[in-house]
Amino acid sequence: MTMIDGAVEYDAMDSSPASSVYDTDLLKPNFLREIGEAYRYRYLIWQLISRNIKIRYKRSFLGIAWSMLNPLGTMIVMVIVFSTLFGRGVNYPVYLLTGLLAWSFFSEASTMIINSMIWGSSLLQRIYLPRTAFALSAVGTGLVNLLLAIIPLLIIMLFTGAPIRPAVLFTLIPMLLLLMFTLGVGLALSIGAMYFADISEMFKVVLRAWMYLTPIIYPESLLASNGYGWVLRFNPMYYLIRVFREPFETGTLPSWDVFLPALLIAVFTLVLGWLVFTWYSDEFTHLV
Amino acid sequence: MNSPTSSDPGAPPGSIATNDHEAAVIIDNLSVRYRLPNINTNSLKEFAIKAVTGQIKYDYLWALKDVSLTIRKGEILGLIGHNGAGKSTLLKVVARVLKPTEGRARVHGHVAPLLGIGAAFHIELTGRENVFLNGSLLGFSRKDMEEKFERIVDFAELWDYIDQPLRIYSSGMRARLGFAVATDAQPDILIVDEVLAVGDEAFRSKCEDRMRAFRDAGATIILVTHSMETILGICHRAAWIHQGRVRMMGETKEVVNSYIEERREHRSKQNPRLRA
Numbered sequence: 293m294t295m296i297d298g299a300v301e302y303d304a305m306d307s308s309p310a311s312s313v314y315d316t317d318l319l320k321p322n323f324l325r326e327i328g329e330a331y332r333y334r335y336l337i338w339q340l341i342s343r344n345i346k347i348r349y350k351r352s353f354l355g356i357a358w359s360m361l362n363p364l365g366t367m368i369v370m371v372i373v374f375s376t377l378f379g380r381g382v383n384y385p386v387y388l389l390t391g392l393l394a395w396s397f398f399s400e401a402s403t404m405i406i407n408s409m410i411w412g413s414s415l416l417q418r419i420y421l422p423r424t425a426f427a428l429s430a431v432g433t434g435l436v437n438l439l440l441a442i443i444p445l446l447i448i449m450l451f452t453g454a455p456i457r458p459a460v461l462f463t464l465i466p467m468l469l470l471l472m473f474t475l476g477v478g479l480a481l482s483i484g485a486m487y488f489a490d491i492s493e494m495f496k497v498v499l500r501a502w503m504y505l506t507p508i509i510y511p512e513s514l515l516a517s518n519g520y521g522w523v524l525r526f527n528p529m530y531y532l533i534r535v536f537r538e539p540f541e542t543g544t545l546p547s548w549d550v551f552l553p554a555l556l557i558a559v560f561t562l563v564l565g566w567l568v569f570t571w572y573s574d575e576f577t578h579l580v
Numbered sequence: 010m011n012s013p014t015s016s017d018p019g020a021p022p023g024s025i026a027t028n029d030h031e032a033a034v035i036i037d038n039l040s041v042r043y044r045l046p047n048i049n050t051n052s053l054k055e056f057a058i059k060a061v062t063g064q065i066k067y068d069y070l071w072a073l074k075d076v077s078l079t080i081r082k083g084e085i086l087g088l089i090g091h092n093g094a095g096k097s098t099l100l101k102v103v104a105r106v107l108k109p110t111e112g113r114a115r116v117h118g119h120v121a122p123l124l125g126i127g128a129a130f131h132i133e134l135t136g137r138e139n140v141f142l143n144g145s146l147l148g149f150s151r152k153d154m155e156e157k158f159e160r161i162v163d164f165a166e167l168w169d170y171i172d173q174p175l176r177i178y179s180s181g182m183r184a185r186l187g188f189a190v191a192t193d194a195q196p197d198i199l200i201v202d203e204v205l206a207v208g209d210e211a212f213r214s215k216c217e218d219r220m221r222a223f224r225d226a227g228a229t230i231i232l233v234t235h236s237m238e239t240i241l242g243i244c245h246r247a248a249w250i251h252q253g254r255v256r257m258m259g260e261t262k263e264v265v266n267s268y269i270e271e272r273r274e275h276r277s278k279q280n281p282r283l284r285a
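Respectively, the protein sequence lines represent chains A and B.
Position 172, counted from 1, in the first sequence is what my numbering calls 464; the numbers after and before it change by one each time, with no gaps.
Position 154, counted from 1, in the second sequence is what my numbering calls 163; the numbers after and before it change by one each time, with no gaps.
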C-alpha cells in the first residue's frame, strides 16, 4: 500500500522539481537515476552552457566572433610554419584545421569538466543538483564552440578550393562520438581529481604528449614511414579525429574499419566514465 | 508494512500512509559519514607507493549517528547544538544534498533550502541572467522562471539594477535577490540555516514576514540558529543535536533550558572561577 502510494508520488515528482516524496530507500541506482535527473534539470544545463559562453566573451569587443577567429588565427600561424614540412600533395590547411578543431574540443572540454567539478563540488555541498550537470554543460559548451568554428573551416575550404560535399553533414555524428568520448574521460578523471589534486596537473602533460602522438599537424604517413604506424592503433583520438576529418578532407564518408572502432571507443568510454562517476559521485558531498 | 496505527480499529485501510502524511520529514536510524582529507596521501605518487605496500587508510568522521526523528507537517522545529554537532548535516539530508550513509530519510513535499541562496551568482552576469541561472539551479524550468521573474524582482526591489552586472551590486542587494529567488514559491518545507543575518533591517523584516506567511499557509519550517530567543519565540518544538545524536527532543522551553544548563556547566568546568 505504502509502496504503491510512494511510487505514484515519486513519479509525480518528475514533473515538478523536488516536490512530493523523497525516500532514500526507494532511490534507483545512481547510474540510472542520474540519467533521469540530468534530463529533469536540462534547463539548468542549458543555462550553464549559455553562462559559460556569455562569461567568456562578456567584456570583449568582438564577443562570440572569437570562437571563430581563435582557431582561424592558430591555423594561419601553423599553416605558415608547417606547410613547407608536411604540406605536399594534400589540402594542408583543411587537414590541419579539422584535426585542430577536434583535438581542441577534446582537450578543452575534458579540462573544463575537471575544473568545473572542482568548482561545482562546493555548490553540490549546498544545494541538490544532478552531479553530472557540470560535466554535461562543459561538453555542451565545447560543442557550441566547435559548431561555431565549423564556419571558418567552411570558409577556408572555399578559399582553398576544397569541394564541400553533402558528406560534410555526416560530421555531426563524429562530433557526437567525440563528445561521448570526452565526457567519459572527463567524468572518470574528475573522480580521480577529487581524490588526488595532482591528476589535473598531470593530465595537462599527458594531453600535450598525446597531441604530438596524434596525426594532427603531421600526416599519418609520417609515423608509418618511420616504423611507428602501430602507435596509431592504440590511440583512440586517431580514430575519432579521422572520422571527423575525412568528410571535410575528401568529401567521402569514413570507411567502416575506421568508423566502427571510433563508435566502440566512444560508447565504451562514455559507459565506463558514467559508471565510475556515478558510483563515486556521492563522495563529492561527503568530503569535508 | 505494519505500523502501530494499523492496530487502531477505526483506522482506514492504508492508514500507515495517512500517518505518514501527517509527517513532513521522517528520519530513521540515520547516520552520515564524512571522509576527511587524507593529508598523508594527497599525491598520486605516495598513493601508488602506499597502495602497493598496503598502507591506504582513510579517516572518517560520523557527523550523524543513529538519528531518528519525525517532523510534523506545519510545525516549526528549532535545531540547537554546538558548532559541528551535526545540525547542518541533518538539514543537508533533508534538502537531498547528502545521501545517508546508513538509515533512511523520507521527505514529503517541496523543499526550499535557504542553504545555498545565491550560491551560483556570477558577478559578470546581469541580475536578470542570475535570476534565471539560480532558478534553474533550484530545478525550475524556463517556463517557471518566466512566470516567476516579475514577482522575484518586485520582492527584491531591484528593478533599477536588474540589467546591470552583479558586480556593481552591494552584498545586501545580492542577498535580497538570492532570497527572493529561493522563496518565490510557497514551499512545503522551508530550511533556514541562519542566513537571515544579511541585508538591511527593512529587508530582514520583509524576509521574516514572508516566512511567517509560509508558516501560516501550513509550511513546515526547520530552523537552525544560535539565538535561543528566536527559538523560544517561534518554534513549536526543538531538537538538541549533540555529537551527531539527538540528545533531546520535545517542548521548546524544556529543550532550550536543558541546553542552556548544560552549556553553563560545561563553561564552569572549563573556567572554575565562574563557579565562585
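If you are wondering where the hints come from, they were derived from the structure by calculation, not from laboratory data.
Check before you lean on any hint, since a few could be wrong.
[To be verified] Label pairs and their calculated CB-CB ranges: (1) A:Trp-571 x B:Ser-277: 48 to 54 Å; (2) A:Asp-490 x B:Glu-159: 46 to 52 Å; (3) A:Ser-414 x B:Asp-68: 17 to 23 Å; (4) A:Arg-348 x B:Arg-137: 17 to 23 Å; (5) A:Leu-324 x B:Asp-68: 30 to 36 Å; (6) B:Arg-221 x A:Pro-321: 37 to 43 Å; (7) A:Val-382 x B:Arg-137: 38 to 44 Å; (8) A:Arg-348 x B:Arg-276: 43 to 49 Å; (9) B:Ser-236 x A:Met-494: 44 to 50 Å; (10) B:Arg-44 x A:Val-523: 49 to 55 Å; (11) B:Ser-236 x A:Trp-571: 29 to 35 Å; (12) A:Ile-443 x B:Gly-93: 53 to 59 Å.
[Unchecked claim] Some, not all, of what chain A presents toward chain B, calculated at C-beta under 8 Å: (13) Tyr-314; (14) Lys-346; (15) Thr-403.
Idealized CB from N, CA, C, for every residue including glycine.
Quick rundown of the hints versus the structure:
A hinted range of 48 to 54 Å for the beta carbons of Trp-571 of chain A and Ser-277 of chain B is consistent with their spacing of about 50 Å. Between Asp-490 of chain A and Glu-159 of chain B the beta carbon distance is about 49 Å. The supplied range of 46 to 52 Å therefore holds. Checked against the hint of 17 to 23 Å, the pair Ser-414 of chain A and Asp-68 of chain B passes, with Cβ atoms roughly 21 Å apart. Between Arg-348 of chain A and Arg-137 of chain B the beta carbons are some 19 Å apart, a value that agrees with the proposed interval 17 to 23 Å.
Take Leu-324 of chain A and Asp-68 of chain B: their Cβ atoms lie about 31 Å apart, and the range 30 to 36 Å holds. For Arg-221 of chain B and Pro-321 of chain A, the hinted distance range of 37 to 43 Å is satisfied, since their beta carbons lie about 42 Å from each other. Taking the beta carbon of each, Val-382 of chain A and Arg-137 of chain B are about 49 Å apart, not inside 38 to 44 Å as hinted. In this structure the supplied range 43 to 49 Å is violated for Arg-348 of chain A paired with Arg-276 of chain B, their Cβ-Cβ distance being about 54 Å.
The hint said 44 to 50 Å for the Cβ distance between Ser-236 of chain B and Met-494 of chain A, and at roughly 48 Å that hint holds. For Arg-44 of chain B and Val-523 of chain A, the Cβ-Cβ distance of about 39 Å falls outside the hinted range of 49 to 55 Å, so the restraint is violated. Our hint of 29 to 35 Å for Ser-236 of chain B and Trp-571 of chain A is violated, since their Cβ atoms are close to 42 Å apart. Against the hinted window of 53 to 59 Å, the Cβ-Cβ separation of Ile-443 of chain A and Gly-93 of chain B comes to about 55 Å, which satisfies the hint.
For Tyr-314 of chain A, the interface hint holds, the least distance from its beta-carbon to any beta-carbon of chain B being 4 Å, beneath 8 Å. Residue-level restraint check for Lys-346 of chain A holds (minimum Cβ-Cβ distance to chain B is 7 Å; threshold 8 Å). Checking Thr-403 of chain A against chain B: minimum C-beta separation of about 18 Å lies over 8 Å; hint violated.
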